[in-house]
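Asker: Listed below, chain by chain, are the residues.
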Amino acid sequence: MEAIVDKKEVETIKPPVTQVGVVGWIRTNLFKGWLNSILTLITIYFLWITVPPLIRWAFIDSLWLSSGAECHQIDGACWSIIPANIRFITFGFFPYDQQWRPFVAMGLLVALLFYSRNRHHWKRHLVYAWILGLFLMGLLMKGGIFGLTPVESTQWGGLPLTLLLSVFGLTAAYPLGVVLALGRRSKMPAVKTLCVMYIELIRGVPLISLLFMSSVVFPLFLPEGVNINALIRAQVAIILFTAAYIAEVVRGGLQAIPRGQYEAAESLGLNYYLTMRLIVLPQALKIVIPPSVSILISAFKDTSLVVIIALFDFLKTTKTVLNDPQWMGFSAEAYIFAALIYFLCCFFMSNYSRRLERELERGL
Amino acid sequence: MATQLSKNKENTLTGDAIIEIVEMHKWYDDFHVLKGINLTVKKQERIVICGPSGSGKSTLIRCINRLEEHQRGRITVDGMELTNDLKNIEKIRAEVGMVFQHFNLFPHLTIVENLTLGPIWVRKTPKKEAEETAMYFLNKVQIADQALKYPGQLSGGQQQRVAIARSLCMNPKVMLFDEPTSALDPEMIKEVLDSMIELAREGMTMIVVSHEMGFAKSVAHRVLFMDYGQIVEANTPDEFFDNPQHDRTKLFLSQILH
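Chain order of the listed sequences is A and B.
Going by numbering that gives the first Met the number 0, the letters in the first sequence line up with residues 0 to 363, in that order.
Going by numbering that gives the first Met the number 0, the letters in the second sequence line up with residues 0 to 257, in that order.
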């Protein structure tokens, strides 16, 4: 019939050049309307006056492997402060000849973390691997047997301290937070009140005051002669603090689970414990992955507050280097390095959480 | 099929009572939902409960597996009375299957995992055996090919058939259906009813809250009409539909049968 169109006519033609390709992209994204264009020009101007000097400072005029004295002669960045002090920044006051021990401990930790990334490894053996791993790490740090020189925990410092405080803290705080969240939703008034009080009390207090209390107030209540290690006290304070926040996040996830899920589980004959473990928590914890990771990231960074009770975490060791007359004045370089390390750890966490979310997505 | 079931209707019901409800009352706070329910269900008996919304039909069957607690009267299921100090309510629930209006499948588990969960954790069945049973019942409701999918990937009718199979995997003595077809698109109602008729033919004790009157006529031994928290009328389907006694029943039937 006449409705049939010549094939040539329906062939697709290319859109105008002004709408595609580099030109099109620039037009739509950078110069769409006069306000957009002005903003683009202002941004370009600021980049022009800041970026080239920054690159000159950081890469062209900089020194990477020199002494502090040489650094004072130049205008550029003195990255030499990092390699020259890397062992102190990383390991703090850990005895110099024994520093292979925290190094191995950290390697063990990183290996365990990488192994746990894969969800197919989440079986019972992983739990044993972690228990064994954490025990070995403690052993390496503390020493005292197998011919390892004992090292007091007051000498632990730097990156291993930061990592141990956060990994131990987060793994212990998460289950505690889940228990608190379940307790807050409990039908038993005593349990519920207790959990609400705990959560509200801890959330109403800054971490720094908890750390102060654990180091200053808490020992006053201990009988004379009993002395609990400062590291453990700080660790407990971090766990208790983080757990309260996790509890509230998990509670939000629990509230999102429809009543029908509980009823279906109960009508199959599952008891409270099994209903929670098999039906409710797997769904609720999946929902709260993003806010949980926010808490984990901020808890990781908050470990730097332990400096106030005289523990030398990674940030504090970096700062200490700056007191050395030879390296005085290169704080920008040192802090950029510290920030980079913190960023890498946090980026790993958020990256992993996004991957985990994607993997669990197909189930819902 | 209908005749087969009718024959079946005649020669059963000689069995013992499996559910006994005596003068049972229930309140939601001040609201009196159930007002003196008396009901005895015999083994292999099939009962359809109908009535306007808010009449307490769902609440009644939810009391039978204690998803709701009653405040007065007595409910006995399989020889065990449901009371507040009952320690092993899970044991009774394992014997009473329940199918919900909104299916309530577990969205984070595959179909076959939905089916094996109860047997493995409550009945302590070995995993392999539980999976075989699951596949048997999935075959029965004709969705064995979906076993490895997740509930979200199935249609409403398929999900409801999975829910029926999930209950059957527990090998229950009684099956409760709480408006099993109300949330379904019209073209999916039949596939679910067919599964339920199949189940009836095998002699399952069933209590069904439903407005599917065709289903009630062909399958039920008794049809109950509930209104304002009471059982207004209870009769055989033939008597119930052809010769309703009570005015409220007549009104209700005229409304739903057009």
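What the hints contain is simulated information worked out from the structure, not anything from laboratory work.
Think of the CB as a built atom: it goes at the ideal place given N, C-alpha and C, for glycine as much as any other residue.
Accuracy of the hints is not assured; some may be wrong.
What the hints assert, rightly or not - Chain A side only, calculated, beta carbon under 8 Å to chain B, not exhaustive:
(1) P14
(2) P15
(3) N35
(4) E262
(5) A263
(6) L269
(7) N270
(8) L273
(9) I278
To be verified - Cβ-Cβ distance ranges computed for the label pairs, FRET-style:
(10) A:R276 - B:N37: 49 to 57 Å
(11) B:Q152 - A:R276: 20 to 28 Å
(12) B:H24 - A:L219: 55 to 63 Å
(13) B:R71 - A:V216: 34 to 42 Å
(14) B:A182 - A:R116: 38 to 46 Å
(15) B:N138 - A:I340: 51 to 59 Å
(16) B:W26 - A:V126: 31 to 39 Å
(17) A:C345 - B:R71: 53 to 61 Å
(18) A:L193 - B:H24: 29 to 37 Å
(19) A:N350 - B:A143: 49 to 57 Å
(20) A:V215 - B:K90: 52 to 60 Å
(21) B:Q152 - A:N350: 55 to 63 Å
Asker: With reference to the structure, classify each hint as holding or not holding.
Answerer: Verification of the hints:
Proximity of A:P14 to chain B is violated relative to the hint, the smallest CB-CB distance being about 38 Å (cut-off 8 Å). A least Cβ separation of about 43 Å between A:P15 and chain B goes past the 8 Å threshold, and the interface hint is therefore violated. Because the closest C-beta pair between A:N35 and chain B is about 41 Å apart, greater than 8 Å, the hint is violated. About 5 Å separates the beta-carbon of A:E262 from the nearest beta-carbon of chain B, less than 8 Å, and the hint is met.
For A:A263, the interface hint holds, since its Cβ comes within 8 Å of a Cβ in chain B; the closest pair sits about 4 Å apart. The closest approach between the C-beta of A:L269 and any C-beta of chain B is roughly 6 Å, which is under the 8 Å cut-off, so the hint is satisfied. Look at A:N270: its Cβ gets to within about 5 Å of chain B, closer than 8 Å, so that hint holds up. Residue-level restraint check for A:L273 holds (minimum Cβ-Cβ distance to chain B is 5 Å; threshold 8 Å).
Proximity of A:I278 to chain B holds as hinted, the smallest CB-CB distance being about 6 Å (cut-off 8 Å). For the pair A:R276 and B:N37, the beta carbons lie near 40 Å from each other, so the given range of 49 to 57 Å is not met. Against the hinted window of 20 to 28 Å, the Cβ-Cβ separation of B:Q152 and A:R276 comes to about 25 Å, which satisfies the hint. Take B:H24 and A:L219: their Cβ atoms lie about 59 Å apart, and the range 55 to 63 Å holds.
With their beta carbons about 55 Å apart, B:R71 and A:V216 fall outside the hinted range of 34 to 42 Å. In this structure the supplied range 38 to 46 Å holds for B:A182 paired with A:R116, their Cβ-Cβ distance being about 40 Å. A hinted range of 51 to 59 Å for the beta carbons of B:N138 and A:I340 is consistent with their spacing of about 58 Å. In this structure the hint that B:W26 and A:V126 lie 31 to 39 Å apart at CB is violated, the actual value being about 47 Å.
Taking 53 to 61 Å as the suggested C-beta distance range, the pair A:C345 and B:R71 conforms, at roughly 59 Å. Between A:L193 and B:H24 the CB atoms are about 35 Å apart, so this pair conforms to the stated range of 29 to 37 Å. Distance hint check: the CB atoms of A:N350 and B:A143 are about 40 Å apart, inconsistent with the given range 49 to 57 Å. Separation of A:V215 from B:K90 is about 54 Å and conforms to the stated range, judged on CB atoms against 52 to 60 Å.
Between B:Q152 and A:N350 the C-beta distance comes to about 28 Å, which lies outside the given range of 55 to 63 Å.
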